Structures are given as C-alpha cells and as structure tokens.
Amino acid sequence: MPDRIPPMAPLTTPPLATASTKAALTGSSEEACDQPQPLTLRGLTVSYGAKPAVFAIDMTVPQGSMMAIVGPNGAGKSTLLKGALGILPKLAGEVQVFGQPLAHQRDRFAYVPQRASVDWDFPTRVIDVVTMGAYRRTGWFGLIPKRDRILAHECLERVGMHGFANRQIGALSGGQQQRVFLARALAQQADLLIMDEPFAGVDAATEKAIVAVLHSLRDAGKTVLAVHHDLTTLHEYFDRVLLINCQAIAEGPMATTLTTDNVNAAYGGRLNDARLAAAVS
Amino acid sequence: MDADLLLRALTFSAGYNAALVAVGATLLGITAGAIGCFVLLRRRAMVSDAISHATLPGIGIAFIIMASLGGEGRFLPGLLVGAAVTAGFGLWAVEWMTKRTRLTEDAAIGAVLSVTFGLGIVFLTIIQTLGIGKPAGLEGFLLGGAAAMLRAEAISVLVMAGLVAVVIALSWRRMVLVAFDQGYAETLGIKTNHTDRLMMLLALAVTVIGLKIVGLILIVALMIIPPVAARFWTDRADRMMLIAGGLGGIACFLGTAISASGDDLPTGAVIVLTATCLFTISMLFAPSRGVLAAWLAWSRFQKVVHRRQGLLALSRGEPILEPVSRRLLAREGLLQPDGVPTLEGKAAARLVAEDEARWALARRRDPDGALAGRYDGLTPITQVLTPDQIAVLDADVRGQPALVAGVGGGRLAHE
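Protein chains in written order, with the numbering used here: chain A, 1260 to 1540; chain B, 1201 to 1615.
Misleading hints may appear alongside valid ones.
What the hints assert, rightly or not - Below 30 Å or equal to it, Euclidean Cα-Cα: the simulated DSS-like pairs (lysine-lysine) are:
id	chain 1	residue 1	chain 2	residue 2
1	A	Lys1310	A	Lys1405
2	B	Lys1299	A	Lys1349
3	A	Lys1481	A	Lys1349
4	B	Lys1391	A	Lys1481
5	A	Lys1405	B	Lys1503
6	A	Lys1481	A	Lys1467
7	B	Lys1391	B	Lys1299
8	A	Lys1310	B	Lys1391
9	A	Lys1349	B	Lys1546
10	B	Lys1546	B	Lys1503
11	A	Lys1310	B	Lys1503
12	A	Lys1349	A	Lys1310
Since the hints were made in silico from the structure, they are not lab data. All of these numbers come straight from a predicted model, not from anything done at the bench.
All chains should be modelled from the sequences, with the hints used to inform the complete structure.
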C-alpha cells in the first residue's frame, strides 16, 4: 500500500470525464424517477480493518445494462461489491437497490461470490448448492418446495451442467464450479445479478457459456454488474464500465468511458501499449 | 463386566430409571452429533472445548449459592444454570478476545479453557473444605456418571435434549448455508453472526445437558467424533447431520449400558471409546470414502492405467519397460515372459489403438465439446458413444486423410 502514490496524481486529471458522466447520470436518474435504477451507490466508503479500501464511490447501474467494474489489482473492486451488499460494513455512503434500501429488496438481487471464497471440499452436491438460491422460499424444517427443486434443475441445464446434479462439488473443475455458482444465482430469480470475477480461472468454453447466459438475461430486461479483469474482452461482453482505483476514475457507456486517459488514470500508466490499445479499441 | 446386567441394560429391562437414563443419553448423543456437524463444518470445534471447561466454575458457584441458602447443593437444574452462565461467559470471552485483540482463536481458546478449568477446580476444593451441602458426587461432572442419575434428572435431560433437537431441525439449512458460504448467506438476508451465535448456544446447551452423563472433559469428543465418522459415509451435509446423530445416539446408548453393567466404569469415557470404535469402523470400511475403498479404487485404477499404456506401447511396437505393466499383461496371457506379445496380446493392442484413434478424431472435431471433456485416456469410447455414433466415427477414421484435409480443415479455417 505505501508504494501506491502514483495513482493519486492521475486521479485529479480526468475531472472532465467524471463530471460529464455525473451530469449524464443525474439527468437520466431524473427522467427515471418513477422507475428506480437497479443499483445506485452514493459516496460509498468501505474499509478493511482500519484502512479505507474504496473511497466515496458514486455509481449507477441502469436497467437492462451489462456493467463491468474494472481496475488494477488491489483497486478495491471486490471490496466495493462486498460493501455495497452489506457483507463488509460500510464507513459511509448510501446503497439503493431498485430505489429502496438493500434489506428491503433481497429477492431482487443475486450475488455470485468469487469461486475461491468457499471450501469446495464441503460435503454438498451440485444440486444442493443450486437450491441454496431458493433459500428465501424454503419452508419449515428447511424443506424446499417442489417447484424450486424443479427450478434448480432447470438452472443447471441453463448453464450446461445438467447431469452433474448429484456430483460432489469437490469433483468439479474450476469452470464447472463457476457455472454452478451462476446456476445458484439464477435460482434466486432476481432482476439484478452482481458477480465477483466470474471469469477468473475458467476455461474458454465456460467463459463463452456464461457470457451467453448473461446476455440472454440482459435481453430479457435483467441487469448484470460484474467485476472484470480482462481488458481485451470488455467491449465484447459489457456495455457500461466503472473504472476504479480506490476512487472512481470514470463511469459510463463503454465507448465514451474507456478512453486512453481514463484507463491510464486507473492503472497509473502501468499498462503496456498493447494491452492499452486492446482495451480502448 | 456383568453380561446379564449388560443385556438387561440393552433391552431396557434394567428398571424404569435405567431405561429413562438410556433414552436420555441416546437423545443427548443424537443432538451432540448433529450440532457437532455444524460446529465442525464452521471450524469452531475447539471453541466447544473452551465452553465445556468453562462450565466447572459455574457448577461450583451454583453449589455454594444453593448450599449457603440452606438448600440442597446438588439440585441439578440449579447446577446446570450455573454451568450455562459461566460457559456462556467463556464463549463470550473467546469471541471477544478473537475480535478485539490480536490473539488468534486458538490462543483465546487455550486461555479461556485453562483459566476457567483452574478456577472450577479451586471452587470444588473450597467446597470440600467448607463442608456444606453434601458435596459428594460433584466430581462426577468431570467424567460423567449415568448410573447415579435420579429420575427427575433423567427426565430433565430428556426434555432439554428434545428441545435442542427441535431447534436444530428448524435451523439446520441456515447453519449449513453459513458454514458453506458466509458472504452469500449474508446477501440472502441471513444474519450470519446471529446464526453463529445460535449454533454455539446449541453446542453450549448440549454441553450442559451432557455434563451429568458424559462429563465436561469428554463432552467435546461427542461433538467431534460422530460428525467426523459420518463424513466417511456421505458427501451431503444433511445426511452427515443425520448419520452423525445416529452414531452419537448409538455411542451414548451402548456406552451408558456398558458402564451401567458393573465395574464402575466412568460413563463419559466408555461413551467416547464406543464412539471411537464407530469412527474406526467408518474410517476403514465406509464405501467410497473409507480407507479400504480408497485403496481398492487406487489399485483398480493403477491396473487400468498400466494395462492401457502397456497395450498402446505394444501397438506401436515398443518394448514395455514398466515391470508392473509387464506383470499385469503376462498374467492376462497377453505377453510372453521375454516381452513379446502373444496373439491375444496383439489383438488386444489393436483394439486399444483403435479406441485411441476414435477418441483422437472425436476430440479433434469438437475440442471444447462435452465428448472431449469425457476423455481421460482410460475410458473406452464404446462406453461413452452409442454403436451408431461409433459406426459413423469409424467410417471417418478409415477415410481420415481426406476428411481432415477437407471438412476438418475447412471448419478450422471457418472459425
């Protein structure tokens, strides 16, 4: 942490981008007053222990968008999600899901944590993980309604994992684990999907399959927000982006936001030209 | 040990009291095994050890209070309330130290466990010297003693264990979810710290209930051994909970029966040894996860690998250098002692080579497909594809050069 001085300087350089996107945002949110946005953050500040990890983040995820959170390692991407979702305590700021506090909207968003965050030796089968998504509809003594058991199988099929329902989760490959996590989120039948690094360490076939599912969700009017680390696939997968490095650098539609200046500001000039060119192409 | 007494204990014909104690102990074992699963999966097993040792000062304090008020010092419900209070304090102390200081949980557990146990021993010694309220039998809380239980005591154990069982049945899914994926559980609206507290309170309740039967030193074993044994039998948390409950119940039932059948064997120790027997049986003989099953699977796997690799080498006309492969093929009559394949060996080698060729083509066609994912260099393709699909594949294998250059190459270029 102490050697991260460079990012602070560029932070002040793109006020234009931030200001213009903010103007655009306030404009759009005024229009959409009667239809609240899936997720809005106002001044969200989250800390790990005594060290604030992300400062004063403003962000709006518009209805029907596929939005990426992008930034270098240690930029606080995952921390931002965890703070927004109440997994980590927030120091300051406000989070609204479809215009209301998070706690009132638990049925409308689904979270897909990082694959590495759980113990895959845990005694549970694939189908048991997927039915966790139906937890809020479980009855007394933890019984799952038949409707939801059928739904869980459908969700597995949707991610190309039918036939794996009775497998022990420890026997899955990384890509299969990620698909199971996505199926669990689908079983929640939420309108907003919030994913932490869904493509980290998965095979090419899985990445394609997951993107296809996400795009079909977006086409059905759902909203997707994902932490992403691969700049080369940003344009192909997502239509909006938030660039962060502890603070928000820029936010908006891919074309106007992913500029050389903004990417350089987020990464502190640490990207080589090839990666930069690939990102802003 | 008196065989007749043991038989009567096992068949509930040793009297009404003994039967009540047996049922109470069994129910205690069931709840201890079940709650132990969650505590173990949440990696808090040793916290329950701190809890159980922290019951001792509570027992001493409660005795002194009740005796000095002129009552019966050994009144069980009173002692258990005292035990629960200091055990709760011990739990709080461990959590507070872990959260608020730089101590890790294991250090906090060690501190709380030894300090509270030492304090309890001091209280017991003071009680002996005070000479109030008939202290005889208090040390029974250390190692348990089902035989000395009164009817009312047995009934209270029964009722409390039943209550704990009901709470577990109502909240097991929530506890499984928190143990597996805490952050995700939080987003579902589960208060994970409340769930953890409920889990530890249930463990505390089981500890307090089990004081009289198993004793505070060994009660933690009853919450660890049955779940660990159950893990060998299943890959599902819900079944693990049921199996652990069953094993715990069996251990407690047999243990109390054995200790009741003479020789003054301490009940807690006998129960734990019985549970350990069940654990050993599980570890050795459980299907698929047991030691024996794992060894069998490994040697079967080794055979398949050596057989296939050996035959592939033969089909390429290479000598087999690996002694295990040579031995295996020779035993099947596929290889002569001098390393030259027999006629059967040549035929088998051709079959394996053909299988490998089919796989190679199938994988080249669709490298990311489901079929390619099934390739492990061991499974014959005839187990994966239908005869019709193989017939199509075979036609292509025969006309392979044309097909790879034409269709296959074209497809690659297209992509």
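- prompt: Does the alpha-carbon distance linking A:Lys1481 and A:Lys1349 stay inside the 30 Å limit?
  reply: holds (26 Å)
message: Tell me if the straight-line CA distance from A:Lys1349 to A:Lys1310 falls inside 30 Å.
response: Roughly 12 Å between the alpha carbons, so the hint for A:Lys1349 and A:Lys1310 holds.
message: Please verify whether A:Lys1310 and B:Lys1503 have alpha carbons no more than 30 Å apart.
response: violated (56 Å)
message: Just to be careful, I want the Cα atoms of B:Lys1391 and A:Lys1481 compared with a cutoff of 30 Å; is the pair within it?
response: Cα-Cα ~27 Å, so holds.
message: Check the hint pairing B:Lys1299 with A:Lys1349 against an upper bound of 30 Å on the C-alpha distance.
response: With Cα atoms ~18 Å apart, B:Lys1299 and A:Lys1349 stay inside 30 Å; holds.
- prompt: Between A:Lys1481 and A:Lys1467, does the CA-CA distance stay at or below 30 Å?
  reply: The given pair, whose Cα atoms are some 19 Å apart, holds under the 30 Å limit.
- prompt: Between A:Lys1405 and B:Lys1503, does the CA-CA distance stay at or below 30 Å?
  reply: violated (44 Å)
query: Are the Cα atoms of A:Lys1310 and A:Lys1405 separated by 30 Å or less?
result: violated (46 Å)
Proposed proximity, B:Lys1299 with B:Lys1391 (alpha carbon, max 30 Å): Within the cut-off at roughly 17 Å; holds.
query: Given the hint that B:Lys1546 pairs with B:Lys1503, does the C-alpha gap stay at or below 30 Å?
result: holds (19 Å)
message: Check whether the Cα positions of A:Lys1349 and B:Lys1546 lie no farther apart than 30 Å.
response: Cα-Cα ~71 Å, so violated.
query: Within a Cα-Cα threshold of 30 Å, do A:Lys1310 and B:Lys1391 meet the stated pairing?
result: The given pair, whose Cα atoms are some 25 Å apart, holds under the 30 Å limit.
Of the numbered hints listed earlier, those contradicted by the structure are 1, 5, 9, 11.
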